[in-house]
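Peer 1: The lines below spell out each chain.
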Amino acid sequence: MGSISILLVGKVLPYLEQELDKRYNLFRAIDPSQRAAVLRDHASSIRAVVASSSGGPDAALIEALPKLEIVSSFSVGVDRIDLQKCKEKGVRVTNTPDVLTDEVADLTIGLILAVLRRICECDRYVRSGNWKKGDYKLTTKFSGKTLGILGLGRIGAAVAKRAEGFDCSICYYSRNEKPDSKYKYYPSVVELASNCDVLVVACPLTPETHHIINREVINALGPKGVLINIGRGKHVDEPELVSALLEGRLGGAGLDVFEKEPHVPEELFGLENVVLLPHVGSATVETRTAMADLVLDNLEAHFLGKPLLTPLV
Amino acid sequence: MTSELPPLLVMGPPALYSLFQSQNSNKYRFLDAFSSNLPLLQFLQTQQIHPSSVRAILCNPLQPVTADVIRSLPSLGIVVTVSVGSDHIDILECLRRCIHVVTLGTQFTADVADIAVALLIDVHFKISAGDRFARNWGPCKPLASPSGSKLGGKRVGIIGLGRIGGEVAKRLEAFDCTIMYHSRNKNPSVSYTFYSNVVDLASNSDVLVLCCPLTEQTKYIVNKEVMLALGKDGIIVNVGRGALIDEKELVQCLMKGEIRGAGLDVFENEPNVPEELFALDNVVLSPHAAAYTLDCFMDACEHVAKSLDAFFSSKSLIISPIT
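Protein sequence lines correspond, in order, to chains A and B. Per our numbering: the first sequence = residues 1 to 313. Per our numbering: the second sequence = residues 1 to 323.
Read the hints as simulated data drawn from the structure, not as lab findings. Check each hint, because a few of them may be wrong.
Said to hold, decoys possible - Pair by pair, the computed Cβ-Cβ distance ranges are:
| # | chain 1 | residue 1 | chain 2 | residue 2 | range |
| --- | --- | --- | --- | --- | --- |
| 1 | B | S189 | A | E266 | 51 to 57 Å |
| 2 | A | L83 | B | P271 | 52 to 58 Å |
| 3 | B | N204 | A | P262 | 49 to 55 Å |
| 4 | B | N136 | A | D293 | 29 to 35 Å |
| 5 | A | P223 | B | G231 | 41 to 47 Å |
| 6 | A | K306 | B | G231 | 38 to 44 Å |
Even for Gly, the Cβ is constructed at its ideal location relative to N, Cα and C.
So here's chain A without its partners, still in its complex pose (with noise of 0.2 Å):
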């Protein structure tokens, strides 16, 4: 296998790359300022491309690989993939779901705790010596708070099933009310929004989802509700979100995704109704070597001409 040639575009584990690099004919475009030197010398052989959070095909790039039949996501979210031009040209595009639910599901109620409970703040207070000029303040109650959740897939259901254990009545929205859920339903995100007091953002992101998270989902959200963003920074209006907070408009956020990542908006440093993390959810090592596995050995069945293991299309 040594001979197929394989287009990288998108930050990945270490292991991954080393892997790729040894099994295949690696070329990498993860800076996008390299892909046409690489479009250039080789993109009449390049069979297929990995992408990640951090970078996939879109259009132009599917199109300029004539020999393409298969996109492998370091992923589950696929939003930098052009998935309706890889149906028209029959590209398969596979992901890794499932290896990393539970674990983004545990850091979801983690980040909901720390802001919930000023976990972060606390920290601080005790390491920078305030605790010894007297206690700090109360906090709010996490146990038996109504959580929304934005998109009840797996990861919203596992993040649902944690917050059972701690007394939380749930309600979700989601494209189409699951009729086999015991969960409470609303037709609309504003609706949602007005009636828990944690909203979880765990849907794709899409065209429809984009900025599914505005001024009137967050005004309706409230002064005491708490935003968590564990899907795509853009499912969120962020200059929105930072006015909101900024303002009192919204009670607090725990976001690990951004709209322009790395960059975090500074105007939340001074805040400590939010916790900030740099895109952790996924980030262990053993999740992101399951992951890769599922990355090279989706790439394998397919040159194996074998059935994909995790195909999106």
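Given the coordinates of chain A, work out where chain B should sit on it, guided by the hints.
Peer 2: Just chain B, lined up with the frame of chain A:
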């Protein structure tokens, strides 16, 4: 005529005192005994209160309700403590005098369990470290990938499977953790694996959560041997009392990587925290705030108010049993 409000002697004081006072300002004549260095009887003189008119005490473990205090107050009928424990109250003297002793029940159980889980997730996934990194605050190192993975499948050893331990277990079961425990006695109504020996529990656990009271038997129940048995991938969470852990040894183990990390809400000598911990990324530090939510304080205030109301109106008093 002096005020007709019944006097309420306040010792401690309980952290919720200012909230309670604001909610009950028209019901009691508050006597802040905690704020005076004078002996009790002299303090009462300065307040122009005759000892025989004091029928109720509101307190917490910060200031003991001793036999002397009780004997100074011939009409004392009720002691309400804002705590689950009553070690700071001379129970024998209260029994002799038929004084009701009211403790808290489950008002803060959920909040403390929540903090135990919060600290575990934070240490495991490096949430506070990540937040510091994102804000570029303090001694932040480049954020190395946490070596762990999901919590599911992890073995959690709970030391003290009382109400709080039970609530911690329930929460972590929803994360697919395996629960085991050590308690004074095996609990026949739970199916978790019981360990009569803490070192054995530690050897078979990935996480230890301390939820037991501090007694002579439980002091330093987590010592160096236990920490080494827990091992380099192990995490300790303490929401009990600081002295359940040999703090000096804990600091050494954390600095040397003998255990992976610790989430601590309590310390041996609060509010002093060993400063060596401040430079570490594998600890999360909390200022004994596990019960500090508005919900919890409101529930506790309500419980205190109801107990005092029932007493002063001579209705039949439902007393929280003292264990």
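Peer 1: Hints first: check each against the structure and report whether it holds.
Peer 2: Hints and how they fare:
1. S189/B <-> E266/A: 51 to 57 Å: 53 Å, holds
2. L83/A <-> P271/B: 52 to 58 Å: The hinted range 52 to 58 Å holds for L83/A and P271/B, with Cβ atoms some 55 Å apart.
3. N204/B <-> P262/A: 49 to 55 Å: This hint is violated: roughly 40 Å between Cβ atoms.
4. N136/B <-> D293/A: 29 to 35 Å: 34 Å Cβ-Cβ, so the 29 to 35 Å window holds.
5. P223/A <-> G231/B: 41 to 47 Å: About 45 Å separates the Cβ atoms of P223/A and G231/B, which means 41 to 47 Å holds.
6. K306/A <-> G231/B: 38 to 44 Å: 41 Å, holds
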